[in-house]
Amino acid sequence: MLASVISISIGAILINNFIFSKFLGCCPFLGCSTKVDTAVGMGIAVTFVMGLASAICYVVDGLLRNLGLEYMNTLAFILVIAVLVQLVEMFLKKSIPSLYNALGIYLPLITTNCAVLGVVLLNVQYKYNFIESVTYGITGGLGFMLAIVLFASVRERVQFAEYPESFEGFPIALVTAGLLALAFMGFSGMKLG
Amino acid sequence: MSIKKQFRDGLIDNNPVLVQRLGLCSTMAITTTLFNGIGMGISVLIILTCCNVVISAMRKIIPNDIRIAIFVVVIAGFVTIVDLLLQAFVPALSASLGVFIPLIVVNCIIIGRAEAFCQNEPVIPSFFDGIFQGIGYTVTLVLMCIVRELLGNGSFGGGLLDVSQGALRLTLDGSGSGIQVFSSEYAATILIMPFGGFLTLAVLLAAMQFALRKADEKKEKALRAAKVLVDEEVAA
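Line by line, the protein sequences give chains A and B. Our numbering numbers the first residue of the first sequence as 1159 and each following residue consecutively. Our numbering numbers the first residue of the second sequence as -7 and each following residue consecutively.
FYI, nobody ran anything at the bench for these hints, they're computed from the structure. If you're wondering where the values come from, they're calculated on a predicted model, not measured in any experiment. There's no promise every hint is true.
What the hints assert, rightly or not - Sample of chain B residues with no beta-carbon within 12 Å of chain A, all distances over it, derived:
| hint | residue |
| --- | --- |
| 1 | Pro83 |
| 2 | Cys100 |
| 3 | Phe174 |
Claimed, not checked - Beyond 12 Å from chain A on every Cβ pair, some chain B residues (computed):
| hint | residue |
| --- | --- |
| 4 | Leu76 |
| 5 | Ala108 |
| 6 | Leu143 |
| 7 | Ser169 |
| 8 | Ile171 |
Said to hold, decoys possible - Going by beta-carbon spacing under 10 Å, a handful of chain B positions derived as facing chain A:
| hint | residue |
| --- | --- |
| 9 | Cys17 |
| 10 | Arg59 |
| 11 | Ala61 |
| 12 | Val91 |
| 13 | Val97 |
| 14 | Val134 |
| 15 | Thr192 |
| 16 | Ala194 |
| 17 | Gln201 |
| 18 | Ala203 |
Every residue gets a Cβ at the ideal spot worked out from N, C-alpha and C, and that includes glycine.
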């Protein structure tokens, strides 16, 4: 059990990083990464929702399977995620206003983050059990956070670099992300187990 | 808005990927072979058109506060239909796109078009908007696929075309190996990897920015020339 948890964690954070090898969650990755602070906030929020969504959707998937409705799981999952994000938002607003203010605007955006729906669908595809699903959700989120924080700090410096005029804005950010992906490819040689 | 203008909008002026920068995840992730690219493009085109029509038809009865939730349910419904159809009739495509077919639910292009276009426009323009935006997305995917496949693997049309015994065949089950333009030993395999996805899209976006800027400059120059002409006439 422990061995599989560790190998899932290392796999999700480094080897098969959600952004650099699976391309899940690129929109917020490119959108919310102009400052390190917001990147950290976004990373925490996504990690939290991914962990929670993995746990709840594991139960929902079991329920649908019992009813013989597993083909409806995409629809069920997206509804669960939407409700979950809404609940988390309300909960944080009431009980931890400081964290709510820090994350505020990013929370609703998480519903359409493909990393969240992606991790839930992958849990089903890989046939993970409950503990493995939650581990994959949380560590996948941590991998996302690592990627977005690294990317934001590189991006803050790239602003002062000289590059062709046509590359201004998005293209240079994508080149930066590509170079980071290249660095993360180094981990793919790691053998586990 | 005329159909011709909508066509131009979808393909160039307001291209979903290159100008609106929506749906980048799938654009970078699945463009490794032409088969994947065309399959994904057509799936999105169909879902986008259906969603546009349905959402536009319901636009007067959707309450404003919960519109996003309703959009998502409509989209998820159509995605499930397409997902099941692909599993039944094109299992190879379903296997090679994997999780990215159900992930069309959270593809920003569809929700973006619903939000920006269909909730204010009648059914027929929304229908054409879906088709043209879908074509714009497909064309971008195909461009990415052609570049990545050619430079990364030295081939063209992987999965879709097959050359056997000197005859060119169209394979719709994804089994074709493509036309080998040059030996894959000389190809930059890195372009098939994630890095290549980021880099190819960056170059395409930069090229688009360059082209749009050139067009703007040209327009400005023409305007300035016209102004000078008018000034001269006035002076004379």
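Okay, the hints, checked on the actual structure:
{"no.": "1", "hint": "Pro83", "in the structure": "holds, 15 Å"}
{"no.": "2", "hint": "Cys100", "in the structure": "violated, 6 Å"}
{"no.": "3", "hint": "Phe174", "in the structure": "holds, 24 Å"}
{"no.": "4", "hint": "Leu76", "in the structure": "violated, 6 Å"}
{"no.": "5", "hint": "Ala108", "in the structure": "holds, 14 Å"}
{"no.": "6", "hint": "Leu143", "in the structure": "holds, 14 Å"}
{"no.": "7", "hint": "Ser169", "in the structure": "holds, 25 Å"}
{"no.": "8", "hint": "Ile171", "in the structure": "holds, 27 Å"}
{"no.": "9", "hint": "Cys17", "in the structure": "holds, 4 Å"}
{"no.": "10", "hint": "Arg59", "in the structure": "violated, 13 Å"}
{"no.": "11", "hint": "Ala61", "in the structure": "holds, 6 Å"}
{"no.": "12", "hint": "Val91", "in the structure": "holds, 5 Å"}
{"no.": "13", "hint": "Val97", "in the structure": "holds, 5 Å"}
{"no.": "14", "hint": "Val134", "in the structure": "violated, 18 Å"}
{"no.": "15", "hint": "Thr192", "in the structure": "holds, 9 Å"}
{"no.": "16", "hint": "Ala194", "in the structure": "holds, 4 Å"}
{"no.": "17", "hint": "Gln201", "in the structure": "holds, 5 Å"}
{"no.": "18", "hint": "Ala203", "in the structure": "holds, 9 Å"}
When the structure is compared with the earlier hints, violations turn up for hints 2, 4, 10, 14 and for no others.
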